[in-house]
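Colleague: Taking the hints into account, I'd like the entire structure generated from these sequences.
Single-letter residue listing:
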Amino acid sequence: MAINSATTPWVLEADGIQLQFGQRRILSDVYIRVQTGQVVGLMGRNGCGKSTLLQTIFGGRHVPDASVRVNGRYAVPAYQQPGLLNYLPQTLMLPAAITVAEAAQLLRIDGHAALAAFPELQAQLHQRIGELSGGTSRLVQVLLLLHADTRFSLLDEPFSGVMPVHIETLSDVIQQVKVRKGLLITDHRFTELLPLCDVVYMLHNGRLEELPDPLQGLRDRGYLAS
Amino acid sequence: MLSRRYPRALFLFYRTQFSALSLFSLLILGTSVPFGNWPLQLGVSVLLMKLVTYPVVWYLSGQMRPNQYWLYLNLHIAPWQLWAGVVLLDTGLFSGVVALLRQLVVWL
Chain A
1 MAINSATTPW VLEADGIQLQ FGQRRILSDV YIRVQTGQVV GLMGRNGCGK STLLQTIFGG
61 RHVPDASVRV NGRYAVPAYQ QPGLLNYLPQ TLMLPAAITV AEAAQLLRID GHAALAAFPE
121 LQAQLHQRIG ELSGGTSRLV QVLLLLHADT RFSLLDEPFS GVMPVHIETL SDVIQQVKVR
181 KGLLITDHRF TELLPLCDVV YMLHNGRLEE LPDPLQGLRD RGYLAS
Chain B
1 MLSRRYPRAL FLFYRTQFSA LSLFSLLILG TSVPFGNWPL QLGVSVLLMK LVTYPVVWYL
61 SGQMRPNQYW LYLNLHIAPW QLWAGVVLLD TGLFSGVVAL LRQLVVWL
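Chains as they are written, first to last, in this note's numbering: chain A, 1 to 226; chain B, 1 to 108.
If you are wondering where the hints come from, they were derived from the structure by calculation, not from laboratory data. Only a predicted model underlies this, so the values are computations on that prediction, with no experimental measurement involved. Treat the hints with care, since some could be wrong.
Distance ranges between label pairs, derived from CB positions [what the hints assert, rightly or not]: (1) A:G222 to B:P55: 23 to 33 Å; (2) A:G161 to B:T91: 37 to 47 Å; (3) A:D15 to B:Q63: 30 to 40 Å; (4) B:Y59 to A:Y31: 31 to 41 Å; (5) B:L48 to A:H188: 29 to 39 Å; (6) A:G161 to B:V87: 32 to 42 Å; (7) B:L60 to A:D15: 29 to 39 Å; (8) B:V87 to A:G22: 41 to 51 Å.
Beta carbons are placed, not taken as given, at the ideal position from N, Cα and C, and that holds for glycine.
Modeller: Right under this line is the structure:
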């Protein structure tokens, strides 16, 4: 896909995504747009289909009629295109038996550079993923995927289990990374995520709505205390 | 086109499936004793028996570790590509073990 990334932003769009489990409609003709240089927040209650939407865009979940396009070109399944996007699932993605350095090598990432914002993590580069605490392994996975040379990153609850002081630093890293990437993030830590977002979508009853005033929108819908 | 990381990813994935695959291999070897087929001779029926176990392992593995594929998808490798490699690798290993065991029994 020949495009001058220095001047022209890359645009990831997904639409036509409809999904139903039994009688329950999870996603109903959703349209979402992310472009490089943006952090896009995806908000919604537990079980409303946020993870399903990310997985569908990534291509790990097949949904008939789902259309994912990059710069207007059809890209399904998107994960098959090297350098396009990566996805952080809610669960542990890396095998417990490999070390952080091995995981970085497998993902073709400079482990030292990826963990540079967290000097205390450098010492754990040769520890096995299974030996790290839950919060540390989460942080390591987020950092590796953020550092990867892809145009987009889809992050499902990147702050989950990460301690507050690390969330601050991680937020700084996200701000730095968005210069070269488009980030689609879903997390229940609204107060930490909102300041990072350029665009906020709300998923409710299977429908996706862009919130022009995210703070007020979340308050009106009872997601934040007024 | 397969990713250049495929051999490493396949080895990593094979390691996580090894115990279940070995269990079925041992079952095939073990059942040959009461049926009077010991030492097992490598043939079409034995290979078919081994091949039939892969969908079972695939299904059980998917049920027990539904999130195991995310890493590989991030490496641009689809689940079917991993399993194709596993089937080739494990069938080769199984065939080697069966042939070696037969040689050992005959030699002893």
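Colleague: When you take the CB atoms of L60 (chain B) and D15 (chain A), is the distance between them in 29 to 39 Å?
Modeller: holds (36 Å)
Colleague: Evaluate the given range 37 to 47 Å for the C-beta pair formed by G161 (chain A) and T91 (chain B).
Modeller: Holds, since G161 (chain A) and T91 (chain B) (Cβ atoms, about 41 Å apart) stay within the stated range.
Colleague: CB of G222 (chain A) to CB of P55 (chain B), is that within 23 to 33 Å?
Modeller: violated (47 Å)
Colleague: Mind checking the hinted window 29 to 39 Å against the Cβ distance between L48 (chain B) and H188 (chain A)?
Modeller: violated (50 Å)
Colleague: Using the beta carbons of D15 (chain A) and Q63 (chain B), state whether their distance is inside 30 to 40 Å or not.
Modeller: Holds - the Cβ-Cβ distance for D15 (chain A) and Q63 (chain B), about 32 Å, lies within 30 to 40 Å.
Colleague: Holds or violated: 41 to 51 Å for the Cβ distance of V87 (chain B) and G22 (chain A)?
Modeller: violated (34 Å)
Colleague: Just to be sure I understand the hint, the distance between the Cβ atoms of Y59 (chain B) and Y31 (chain A) should be within 31 to 41 Å; is that true here?
Modeller: For Y31 (chain A) against Y59 (chain B), whose Cβ atoms are near 35 Å apart, the range 31 to 41 Å holds.
Colleague: Does the hinted range 32 to 42 Å hold for G161 (chain A) and V87 (chain B) at CB?
Modeller: holds (37 Å)
When the structure is compared with the earlier hints, violations turn up for hints 1, 5, 8 and for no others.
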